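Participant: Sequence:
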Amino acid sequence: MAVSTTGWPTLPALPDSATAAVLGSGLLQELSYAFSGPFHFLLPEAFDANLRDLRAALDEAGVDGSVYYAKKANKAALWVERCSLNGAGVDVASLGELREALGHGVRGEDLVVTGPAKGRDLLRPAVQHGALIAVDSLGELDDLITTVLSGARRPARLLLRCLPPDQPHSRFGMNEAELSAATDRCLRAGDAVRMEGFSFHLSGYAIQPRADLAAHLVGLCLKARVQGLEAGRISIGGGLPMSYTDADSWHTFLSEQNSGHYHAGKSFSTGDFYPYYAPASGADALRALLAARPEGHGGSLAGLLKEAGVELLMEPGRALLDRAGATVFRVQGVKERDGYRILTVDGSSLSLSEQWFNSEYLPDPYLVPGSTGAPSETPSSDTPAAETPPAGTWPACVGAATCLESDMVSWRKIPFRRPPGVGDLLVYPNTAGYQMDSNESPFHDLAIPPKVVVDHTERPRPRWRLDRHFT
1 MAVSTTGWPT
11 LPALPDSATA
21 AVLGSGLLQE
31 LSYAFSGPFH
41 FLLPEAFDAN
51 LRDLRAALDE
61 AGVDGSVYYA
71 KKANKAALWV
81 ERCSLNGAGV
91 DVASLGELRE
101 ALGHGVRGED
111 LVVTGPAKGR
121 DLLRPAVQHG
131 ALIAVDSLGE
141 LDDLITTVLS
151 GARRPARLLL
161 RCLPPDQPHS
171 RFGMNEAELS
181 AATDRCLRAG
191 DAVRMEGFSF
201 HLSGYAIQPR
211 ADLAAHLVGL
221 CLKARVQGLE
231 AGRISIGGGL
241 PMSYTDADSW
251 HTFLSEQNSG
261 HYHAGKSFST
271 GDFYPYYAPA
281 SGADALRALL
291 AARPEGHGGS
301 LAGLLKEAGV
311 ELLMEPGRAL
321 LDRAGATVFR
331 VQGVKERDGY
341 RILTVDGSSL
351 SLSEQWFNSE
361 YLPDPYLVPG
371 STGAPSETPS
381 SDTPAAETPP
391 AGTWPACVGA
401 ATCLESDMVS
411 WRKIPFRRPP
421 GVGDLLVYPN
431 TAGYQMDSNE
441 SPFHDLAIPP
451 KVVVDHTERP
461 RPRWRLDRHF
471 T
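Numbering (the UniProt record's numbering), first residue to last: 1 to 471.
To be clear, the hints were calculated from the coordinates, so they are not data collected in a lab. Since we're looking at a predicted model, the values are computed, not measured. Glycine included, C-beta positions come from ideal geometry on N, C-alpha and C. Incorrect hints may appear among the rest.
Stated by the list, open to error - Computed cross-link-like contacts, SDA-like style, restricted to lysine to any residue with a CA-CA straight-line distance of at most 20 Å:
| # | residue 1 | residue 2 |
| --- | --- | --- |
| 1 | K223 | A152 |
| 2 | K266 | K72 |
| 3 | K306 | V226 |
| 4 | K72 | G103 |
To be verified - Computed spacing ranges between beta-carbons, pair by pair:
| # | residue 1 | residue 2 | range |
| --- | --- | --- | --- |
| 5 | P279 | V226 | 34 to 42 Å |
| 6 | S406 | L222 | 45 to 53 Å |
| 7 | G421 | S359 | 26 to 34 Å |
| 8 | E230 | N258 | 50 to 58 Å |
| 9 | E256 | N358 | 15 to 23 Å |
| 10 | H444 | E230 | 51 to 59 Å |
| 11 | E256 | Q128 | 38 to 46 Å |
| 12 | P450 | N358 | 23 to 31 Å |
| 13 | G7 | R468 | 42 to 50 Å |
| 14 | N175 | G103 | 32 to 40 Å |
Based on the provided sequences and hints, a complete structural model is requested.
Facilitator: Here it is, written out as structure tokens:
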């Protein structure tokens, strides 16, 4: 699959039939005309399929588990609606996210409330609706107990968040001494709380450290039970990796890219990039985690969980949103510069969030003609990635419609197979996870790009509607 012609490295996205069908349907041209600006399209069937795959991995291992969608990964109401329809949970970290989830039909008992230093304006409704609260500190635990004792009608359901021993400088979670003190306070609180277990979140995507820490939390649950607490669940947070491209393309890109491939000589090191390929991704990463042997244990993590009777909770974001949407910009200006083109599109990098982490969103965008019937670079839904035609000789970077020199949607000089022109569409694939709206704002009074839900992609003309996000 890896291709590199005329010295311009590429990173083709993994093929996806639903995305290809939308790109070839003519729908995007009409939506671009209707909105007069950039927009995102969302694919609900992909979310449902990813959820089924994660649940299947749990079932195959014989492990009791629950999946909570990490709402921060994408603000669209669609994903919360799919959770409600499929009986999945939602991970929320603010009062607004809590209200959104409840308003779109998710039961309070199916919510987990995360994040540090939660205020009582969040704790009170979380308790009243029966949400599970991941307590981040002793002070927060005290506030939670006070909230219950001052008028809540039900006990607080909680997990105690662990500070990962290998990440001692993290600002999240409690160390061993604090966890011990928190356990004692839960005991003293009596019926005011239900201490259901422990949680953690690890940076990065390595499997073995997650298995090791999960096993440690199982041990903490067993100790807490001896003291008289419920302690029957652990949460591993998110961090299930996903692949945007194949291994050959990824390694070839990393070995070939240099500052000459970016506008203004911008340079990136390998460590600046998200790992766009993972040997095991999504549900396969969960399978690998469950099969891993934690340090100091003779069997797998799955066996340890089953033996201890501990339920495994997880809060994936990207892994549920893999192939679940794309971002569309219209080219509104073209300049020639030193052997490449500078494209200006009708939006900003605020709608492609990777750029705001001193990084670059690397999967190649598709160049779609602004009018139907013109030549297109979009993939055929039945064309294997390995047969993608090689890149051409029209490299172009992509700038935003703002006054900021640094506002680049793509610093990279992307080699297109035909010269991009005014009115063409650039479609960035697989952007639903953390790319679309983490940093969006109405800078320059530009409208926030709308989100369009597209389904029935198997039809010649897919069906669409606007997302129903409350705010």
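Participant: Determine for every hint whether it applies to the structure shown.
Facilitator: We went through each hint and held it up to the structure:
The straight-line distance between the Cα atoms of K223 and A152 is roughly 29 Å, outside the 20 Å bound, and the hint therefore fails. At most 20 Å may separate the alpha-carbon atoms for a hinted pair to count; K266 and K72 exceed this at roughly 30 Å. Among the hinted pairs, K306 with V226 is consistent with the structure: their alpha-carbon atoms are about 18 Å apart, no more than 20 Å. For the hint pairing K72 with G103, the CA-to-CA distance comes to about 16 Å; that is within 20 Å, so the pair holds.
Against the hinted window of 34 to 42 Å, the Cβ-Cβ separation of P279 and V226 comes to about 39 Å, which satisfies the hint. Judged by the Cβ atoms, the range 45 to 53 Å given for S406 and L222 holds: they are separated by roughly 52 Å. Distance hint check: the CB atoms of G421 and S359 are about 28 Å apart, consistent with the given range 26 to 34 Å. For the pair E230 and N258, the beta carbons lie near 56 Å from each other, so the given range of 50 to 58 Å is met.
Between E256 and N358, the C-beta spacing of about 21 Å keeps the proposed range 15 to 23 Å intact. Judged by the Cβ atoms, the range 51 to 59 Å given for H444 and E230 holds: they are separated by roughly 52 Å. A hinted range of 38 to 46 Å is violated for the C-beta pair E256 and Q128, which are about 56 Å apart. Between P450 and N358 the Cβ separation comes to about 28 Å, which falls inside the hinted range of 23 to 31 Å.
Hint check: G7 to R468, Cβ distance near 46 Å, so the stated range 42 to 50 Å holds. For N175 and G103, the hinted distance range of 32 to 40 Å is satisfied, since their beta carbons lie about 37 Å from each other.
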